[in-house]
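> Residues per chain, in single letters:
2 protein chains.
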Amino acid sequence: MTAMAKDDDVRESTRERLLKCARQLFAMHSFAGTSLQMIADRIGVTKAAVYHHFKTRDEILDAVIKPAIGELITLIDEAEKLRGHHARAEAMITGFAGLAVKHRDLITLMSADPGVISVLGQREDFGELLYRPLLLLARDSEDPVERIRANAVMACLATTAASILLDDVDGETMRTTLIDVGHRILGLRRRR
Amino acid sequence: MTAMAKDDDVRESTRERLLKCARQLFAMHSFAGTSLQMIADRIGVTKAAVYHHFKTRDEILDAVIKPAIGELITLIDEAEKLRGHHARAEAMITGFAGLAVKHRDLITLMSADPGVISVLGQREDFGELLYRPLLLLARDSEDPVERIRANAVMACLATTAASILLDDVDGETMRTTLIDVGHRILGLRRRR
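Heads up: the protein sequence lines correspond to chains D and Y, in order. Just so we're aligned: the first sequence equals residues 1 to 192 in UniProt numbering. Just so we're aligned: the second sequence equals residues 1 to 192 in UniProt numbering.
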């Protein structure tokens with residue numbers, strides 16, 4: 001191993017530790033309540049070491065949520081390739097229930113923290129990420145009842161997966177029950 | 001009218017204006033982002049005049065949300081007097097959909113603002129206000145699937161009623177659709 005490659009390995013590892021720690025601190029103290037100094041202290045590096053990887057707190061947040069957002073975009077893209085409302089809604093519900101359970105902690109952060117919402121709102125694709133799932137879930141995107149049901153599915157799956165009252169429930173029970181709840185709200189028959 | 005009664009009238013009216021203004025500012029700038037000075041400036045009184053009615057911002061928040069909390073407690077009390085899961089769940093869903101639509105702005109405030117959640121959490125009855133509706137909605141409060149569904153109903157109704165994506169939908173369509181969504185999630189047949 002060259003000295004250069006070794007240095008890259010260490011850098012990658014510090015970056016990963018930083019992101020993991022930031023994710024925990026954001027969840028505990030909110031995004032606004034977490035400073036770069038707190039992150040540095042917690043993993044035992046200097047603030048300069050943090051700056052070496054991320055110039056701002058917004059950059060850290062962006063890196064923390066990027067993988068989950070990427071998975072959501074892939075899910076939406078794939079669902080949009082399907083034909084017919086049933087197949088599209090089915091794919092969106094099943095995929096989103098999986099993501100909601102996998103990223104429980106991020107959902108709490110992204111939905112309840114005004115600081116995060118304002119950073120998210122600056123993303124060019126933020127509006128799309130809200131609207132495209134609703135278009136997949138509603139039979140008719142102009143009909144108020146269909147729009148309410150589509151919104152209800154997204155709100156319901158995200159909020160319920162992240163509820164502290166349910167943090168004892170295992171992920172698989174949560175996932176399958178949320179899929180069922182999504183089907184019930186839209187009145188979709190399950191394919192078996 | 002005596003001078004005393006007149007003074008009371010004026011005081012009541014300033015208090016009402018204060019609360020109305022505070023409710024708007026909390027919704028716009030969050031609870032943490034609203035100072036007593038901002039409230040005073042907006043209704044054109046001195047900060048001392050605000051202090052005459054409320055000693056702290058927490059007291060104002062408490063007065064803003066008290067009527068809605070009172071209605072929720074009444075709803076829960078009445079639903080608990082009913083016999084059988086169907087009647088109780090039905091009453092909770094119908095009543096809560098009505099409250100969620102009536103108090104859309106407060107729900108946004110109460111669910112998404114960490115400052116508010118921490119003040120609410122200090123209420124002695126806060127835990128009860130979360131748990132009692134769930135007990136009315138779940139057939140078996142130990143069963144994870146029933147618990148997820150009960151939580152889903154509450155999350156769904158509250159979050160959907162307050163969604164900015166649906167603020168063009170009229171209250172009655174919202175209310176009746178949310179009642180239907182609640183029934184669907186629990187698999188309740190409607191009584192006609």
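Just so you know, these hints were derived from the structure itself, not from any lab. Keep in mind the model is a prediction, meaning the values are calculated, not measured. Treat the hints loosely; a few may be bogus.
[As the list claims (entries may be wrong)] Here are some of the chain Y residues that sit facing chain D, going by a computed Cβ distance under 8 Å: (1) F54; (2) V145; (3) R147; (4) I148; (5) R149; (6) L165; (7) L166; (8) T173; (9) I185; (10) L188.
[Said to hold, decoys possible] Only part of the chain D face toward chain Y is listed, based on derived beta-carbon distances under 10 Å: (11) H53; (12) E59; (13) A63; (14) A155; (15) L166; (16) T173; (17) L178.
Beta carbons are placed, not taken as given, at the ideal position from N, Cα and C, and that holds for glycine.
> Hint check: is the beta carbon of L188/Y less than 8 Å from a beta carbon of chain D?
11 Å, violated
> A closest beta-carbon separation below 8 Å is what the hint needs, so does V145/Y meet it against chain D?
5 Å, holds
> Under 8 Å, Cβ to Cβ, is where L166/Y needs to be relative to chain D, so tell me if that hint holds or is violated.
The hint holds - L166/Y has a Cβ within 8 Å of chain D, the shortest such distance being about 6 Å.
> Just to be careful: measuring from the Cβ of I148/Y to every Cβ in chain D, is the smallest value less than 8 Å?
4 Å, holds
> Can the hint on L165/Y be confirmed by a CB-to-CB distance to chain D that is less than 8 Å?
6 Å, holds
> Taking the least C-beta to C-beta distance, is I185/Y closer than 8 Å to chain D?
At 6 Å from the nearest chain D Cβ, I185/Y passes the 8 Å test, so the hint holds.
> Should the interface hint for A63/D be scored as holding, given a Cβ-Cβ cut-off of 10 Å against chain Y?
Hint on A63/D: violated, closest Cβ of chain Y at ~23 Å, above 10 Å.
> With a cut-off of 10 Å on the beta carbons, see whether H53/D makes it to chain Y.
27 Å, violated
> Hold the hint about T173/D up to the distance rule: shortest CB distance to chain Y must be less than 10 Å.
Hint on T173/D: holds, closest Cβ of chain Y at ~5 Å, below 10 Å.
> Given E59/D as an interface hint, is its Cβ closer than 10 Å to any Cβ of chain Y?
With a closest approach of 22 Å, the E59/D hint is violated.
> Given L178/D was flagged as interface, is its beta-carbon under 10 Å from a beta-carbon of chain Y?
7 Å, holds
> Go through the hint on T173/Y and say holds or violated, using the shortest Cβ distance to chain D against 8 Å.
5 Å, holds
Of the numbered hints given earlier, the model fails hints 1, 10, 11, 12 and 13; all others are met.
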